[in-house]
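With the hints as extra help, turn the sequences into a complete structure.
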Amino acid sequence: MNSLHPARRDFLQRLGGAASAAWLTANWPALVSAAEHAHQAAKSAHPALEVFTADQASEIEALAACIIPSGETPGAREAGVVYFIDRALKTFFSEALPVYQRGLEATQKTTNELFPGVASFSVATEEQKLKIFTHIADESERQKDGPRRLAPGASEDFFQTLRVHTIFGFLVDPEGGGNRDFVGWKAIGRDPSHSFSSPFGFYDKNYPGWQPVSGESEKK
Amino acid sequence: MSRPMVTYKPSDEVDFVIIGSGAAGGVLAKELSTNGFRVVVLEQGEYLREKDFTHDETKVFVQSLLTNKVNTHPITFRKTPDETARKQQAVLYGSCVGGSSVHFTANFWRFHEIDFKEHSKVGDIPGANFADWPISYADLEPYYTKVEWEIGVSGLAGSSPFDPPRSKPYPMPPLPVKGNGVVFERACRKLGYHPYPAPMAILSQPRAGRAACINCGFCLGFGCEVAAKSTSLSSVIPMAEKTGRCEIRPNCYVHRIETDKNGRAIGAVYFDAQRNTHLQKAKAVILAANGAETPRLLLLSANNQFPAGLANSSGYVGKNLMPNSSALAYGIFDEQLNDYKGPAVSRIMHDFYELDPKLGLYGGGGLDARFDFTPISFALSGMPPDAPKWGAGFKRTLAHNFTRTFQIFCHGTSLPVESNSFSLDPDVKDAWGLPALRMTFRDHPNDLKMMEWMQARALEILDAAGAKTKWGPPVQEQQFAVHLLGTCRMGSDPKTSVINADHRTHDVKNLFLCDGSSLVTSGRGQPTMTIQALAYRAADRITALTKRGEISA
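Just so you know, the protein sequences line up as chains A and B, in that order.
Last residue of the first sequence: number 220 in my numbering, and the count goes up by one each step with no gaps.
Last residue of the second sequence: number 1553 in my numbering, and the count goes up by one each step with no gaps.
By construction, these hints were calculated from the structure, which means they are not laboratory data.
Any given hint could be a false lead.
Label-pair distances were calculated between CB atoms; the ranges are [unchecked claim]: (1) A/Lys90 with B/Ala1431: 21 to 29 Å; (2) B/Thr1084 with A/Glu105: 34 to 42 Å; (3) B/Lys1468 with A/Glu105: 39 to 47 Å; (4) A/His135 with B/Lys1468: 29 to 37 Å; (5) A/Leu114 with B/Lys1190: 53 to 61 Å; (6) A/His135 with B/Lys1069: 37 to 45 Å.
Listed below are the simulated DMTMM-like cross-link pairs for lysine to aspartate or glutamate, each with C-alpha atoms no more than 25 Å apart in a straight line [unchecked claim]: (7) B/Lys1389 with A/Glu141; (8) B/Lys1168 with B/Glu1150; (9) B/Lys1389 with A/Glu105; (10) B/Lys1429 with A/Asp157; (11) B/Lys1389 with A/Asp138; (12) B/Lys1059 with A/Glu78; (13) B/Lys1069 with A/Glu61; (14) B/Lys1087 with B/Glu1477; (15) B/Lys1117 with B/Glu1046; (16) B/Lys1389 with A/Glu126; (17) B/Lys1121 with B/Asp1493; (18) A/Lys90 with A/Asp157; (19) B/Lys1429 with B/Glu1046; (20) B/Lys1059 with A/Glu50; (21) B/Lys1358 with B/Asp1132; (22) B/Lys1389 with A/Glu50; (23) B/Lys1389 with A/Glu127; (24) B/Lys1468 with A/Asp191; (25) B/Lys1429 with A/Glu95; (26) B/Lys1059 with A/Glu95.
Where chain B lies over chain A, by a calculated footprint (3+ residues, C-beta under 8 Å) [unchecked claim]: (27) 66-75; (28) 85-97; (29) 188-195.
All C-beta atoms in this analysis are idealised placements derived from N, C-alpha and C, irrespective of residue type, glycine included.
Listed below in structure tokens is the structure:
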């Protein structure tokens, strides 16, 4: 039990108070196994890259960090978004691989055009990155407003695809291979616990309980 | 966990083969097996258990863990019959044991008396194929109560002055109120409305070996890991299996109902997981495959005897699709609501259930205060339209808004329009070479107007609640349906309906349909409760018919 992530441990303990013995007997081994798996996934800080080369990964990491930057709280970089995307392109988002390949080429081209002396996006200064990324995002907006070359939903556009995948990698349940150590959830104020009790927030703290409206005629 | 207590061979002629194990199929399986019949339930999806459920959105949403998979079961969409449909995920339904009851939000409203006889009250509406039900609310009331007590529904009887009569209170108290519920309740009362605790098919107390809700917040789209959501999977299917007479058979893609020379159904033909074809023989066949797949299966079963599709002498199979109308309004508040905790909804109001005809609108709706986002879906679609899309501003806005936002969801009537339908696509095929499901749909103009009116009221409520920022996405024509209603409607006249009040098809004596397709009107946006009440009632009717010898050859 002690090897489990605290959120999972809390979840299981709370379950013990709520569920019947029969239910727990039937489900406990699977729940523990799932929790341990989640813990392993969450703690393996640097899984091997399977799709990107190290150089490509540096570029994607730098681009994702423009969408969700580090700062007072961790960003895409600390959440391990690039590893999430790498695994996703190997598996369930594999159809997006050509989008990344073309996107990386276009990023290199834009970098060369705007800052000829800079070898690649990831080694540009923060100010240069901001200019290059603004160009990429604006270009995407222009394409969106223009005639569509693609079927709706195809999401061929590199900026849009990267944005969606970065958000996934930052905010997915860590079982999904991103949001390392729940840094994404913590950054947006989501308690990583698996179960909660009311009151949940500010407004329900002193709620007196539901009361019927008195002295008012029914509207029916 | 439950395991099949009995297995049948396809060649065994069981009493009933039920297609689909969702909200209706699960109830029918439980009731009929309890009544002593031998039952096989054929489910298209997998048999997942609570231990298989996860909050990982890459599995649940990207890989459609619980829902229909359009890579193998493509769907096409068009607005009007003169267009060529194009591939589009226009329909989402559960594809696992328990069906859509596994992933639904669990809002559990009864229909009101008016929903069953609205045509008589308001008369014809131009452009709508509007009809009364052949049954009344009073006919269904005992079954609504049975649903609440058997599957487990939390709520507070008598808390809404608009509620229809009920014979018994809820079996358990409402779920805890959320921040959005408190804010919504206060604002509604300020405006003279009548908010009340939402009836939800989620356990607020442990019951029948199932845990009470742990408020994890992953309801919409997800399976419940602690079985607190009162799905067919967690409630009635284990009861059916315990009878020792019901087999739940997953991974069975039924694609034809076989009939004999006398025009009687003899069983269901399906592909198993290895794509082998089988005929499960049965004395009677019940389709509970949902409002899209039930009509598709009838149309796929066309033969020389039934050239327009099985049970389709009326031509109404697949017609009159009503997905319910909807609109949203969002508000951002100063303090933290933390509405990601707990089930999506805790307070609703039904003051607009029956709108004043003087407004020039037909129908009505209900409003709920909710937060049904995951962190990912919130970042993708929960932010104000002018929020930054990337960078420090995006992150800052996301971090501020995630715990301070809630929505008011307006649910309402869909009018039946004959051309709104499910049919077989003439060009696109599924992975087995069968015609794909085609959806044709354009909202009746009244429904769009009504939703605009409703959204304006929701924005007023957010104002009264003190929302710092509020917005409502424009009401648009729908191109995506999850409430699949009305497509094999119930009625007394075989010329204008597919099934009678016993859920028996007018054309085939031992073929019954019971799911969202049976509905004659769409209610006000939460159909599952009514689908399950109909299933309990249908099981009683079918049992009575069988005992009288009216089903056997």
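Evaluated hints:
1. For A/Lys90 and B/Ala1431, the hinted distance range of 21 to 29 Å is satisfied, since their beta carbons lie about 23 Å from each other.
2. Take B/Thr1084 and A/Glu105: their Cβ atoms lie about 36 Å apart, and the range 34 to 42 Å holds.
3. Checked against the hint of 39 to 47 Å, the pair B/Lys1468 and A/Glu105 passes, with Cβ atoms roughly 44 Å apart.
4. Distance hint check for A/His135 and B/Lys1468: the Cβ-Cβ separation is about 33 Å, which falls inside the suggested range of 29 to 37 Å.
5. In this structure, A/Leu114 and B/Lys1190 meet the distance hint of 53 to 61 Å, their C-beta atoms being roughly 55 Å apart.
6. Our hint of 37 to 45 Å for A/His135 and B/Lys1069 holds, since their Cβ atoms are close to 38 Å apart.
7. Among the hinted pairs, B/Lys1389 with A/Glu141 is consistent with the structure: their alpha-carbon atoms are about 11 Å apart, no more than 25 Å.
8. Using a Cα cut-off of 25 Å, the hinted pair B/Lys1168 and B/Glu1150 holds, with the two alpha carbons roughly 13 Å apart.
9. Note on B/Lys1389 and A/Glu105: the hinted pairing holds, with a Cα-Cα distance of about 23 Å set against a maximum of 25 Å.
10. A hinted pair counts as satisfied when its Cα atoms are at most 25 Å apart, and B/Lys1429 with A/Asp157 does not qualify at roughly 28 Å.
11. At most 25 Å may separate the alpha-carbon atoms for a hinted pair to count; B/Lys1389 and A/Asp138 meet this at roughly 11 Å.
12. With a C-alpha separation of about 23 Å, the suggested pair B/Lys1059 and A/Glu78 falls inside the 25 Å cut-off, and the hint holds.
13. Distance restraint check for B/Lys1069 and A/Glu61: the Cα-Cα separation of roughly 31 Å exceeds the 25 Å cut-off, and the hinted pair is therefore not satisfied.
14. For a cut-off of 25 Å, the pair hint linking B/Lys1087 to B/Glu1477 stands: about 18 Å separates their Cα positions.
15. Restraint check for B/Lys1117 and B/Glu1046: not satisfied, since their Cα atoms lie roughly 39 Å apart, outside the 25 Å limit.
16. For the hint linking B/Lys1389 to A/Glu126, the alpha-carbon distance of about 18 Å falls within 25 Å, and the restraint holds.
17. With a C-alpha separation of about 19 Å, the suggested pairing of B/Lys1121 with B/Asp1493 holds against the 25 Å cut-off.
18. Between the alpha carbons of A/Lys90 and A/Asp157 the distance comes to roughly 19 Å, so the proposed pair stays at or under 25 Å and holds.
19. For a cut-off of 25 Å, the pair hint linking B/Lys1429 to B/Glu1046 stands: about 22 Å separates their Cα positions.
20. The straight-line distance between the Cα atoms of B/Lys1059 and A/Glu50 is roughly 19 Å, inside the 25 Å bound, and the hint therefore holds.
21. Of the supplied pair hints, the one linking B/Lys1358 and B/Asp1132 holds, its CA atoms being roughly 22 Å apart against a limit of 25 Å.
22. Of the pairs offered as hints, the one joining B/Lys1389 and A/Glu50 is violated, with about 29 Å between alpha carbons and a cut-off of 25 Å exceeded.
23. For a cut-off of 25 Å, the pair hint linking B/Lys1389 to A/Glu127 stands: about 18 Å separates their Cα positions.
24. Pair hint B/Lys1468 plus A/Asp191 holds up; C-alpha atoms about 24 Å apart against a cutoff of 25 Å.
25. Proximity of B/Lys1429 to A/Glu95 is assessed by CA-CA distance (about 21 Å); at most 25 Å being required, the pair is judged to hold.
26. For the hint pairing B/Lys1059 with A/Glu95, the CA-to-CA distance comes to about 16 Å; that is within 25 Å, so the pair holds.
27. Requiring three or more residues with a Cβ within less than 8 Å of a Cβ of chain B, the coverage given for the stretch 66-75 of chain A holds, as 7 such residues are present.
28. Taking a C-beta to C-beta cut-off of 8 Å, the stretch 85-97 of chain A contributes 3 residues in contact with chain B, enough for the three needed, and the coverage statement holds.
29. Given as covered by chain B, the stretch 188-195 of chain A passes the check, having 6 residues with a CB less than 8 Å from a CB of that chain where 3 are the minimum.
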